[in-house]
Amino acid sequence: QKEVEQDPGPLSVPEGAIVSLNCTYSNSAFQYFMWYRQYSRKGPELLMYTYSSGNKEDGRFTAQVDKSSKYISLFIRDSQPSDSATYLCAFFNFGNEKLTFGTGTRLTIIP
Amino acid sequence: NAGVTQTPKFQVLKTGQSMTLQCAQDMNHNSMYWYRQDPGMGLRLIYYSASEGTTDKGEVPNGYNVSRLNKREFSLRLESAAPSQTSVYFCASNRDPSGELFFGEGSRLTVL
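Protein chains in written order, with my numbering: chain A, 1 to 111; chain B, 1001 to 1112.
Keep in mind the hints are simulated off the structure, nothing from the lab. No experiment lies behind these values; they were computed from the predicted model shown. We put the beta carbon where it would ideally sit given N, CA and C, even for glycine. It is possible that part of the hints are untrue.
Some chain A residues close to chain B (C-beta under 7 angstroms, calculated; not the full set) [said to hold, decoys possible]:
id : residue
1  : G43
2  : P44
3  : A90
Construct the entire structure; sequences and hints are all you get.
Set out below in structure tokens:
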């Protein structure tokens, strides 16, 4: 079983829609839960991170963590064409200082 | 503020040739990393350096060597390139071990 599972997509939605991106994980030692955004032909950049179950909002973005189900989500409200990118979930284990990435979901927002 | 700079951005090699990918960061970060990114495989760690003078293997180190030249620079060398090393390579850095990495723009390598 992979430590992290992420649907690769691609996912296409119309502008203004709510987008839901998801990852599941199996390692209970993961303590930080992150979302990176990667534009085409660029390096990933950290979008949001959280370390507790529940929701964390930042503008149009909400990161949700459910540790009991080992499931994290990223919601994008009022999606814009500029949100078109690949979104990678990532998990940090402070015990071995290892960062584990999902494979990424490619998202396209259609104007 | 340049952040993490990688050179070259593109390179085509023949099987068996060698080359070095260069990486430099200007954020005074202690830790530096080399990843490769392949379709369907995500980002995989090749080597990392937790501090100047130290290097450690990551998930996929075979066929690569690294040098932490100083605090700013971390190079990745392919001694005898193979087609399986065709990939996009990313250098990253952070101040201390955490999930927040700062990435360069990538180096696209094709081995024929």
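Each hint tested on the structure:
Evaluation of the A:G43 hint against chain B yields a held restraint, the C-beta minimum of about 3 angstroms falling below 7 angstroms. Hint on A:P44 holds. Least Cβ distance to chain B is approximately 5 angstroms, under the 7 angstroms limit. For the restraint placing A:A90 at the interface with chain B, the shortest Cβ-Cβ distance is roughly 6 angstroms, inside the 7 angstroms limit, so the hint holds.
No hint from the list above goes unmet by this structure.
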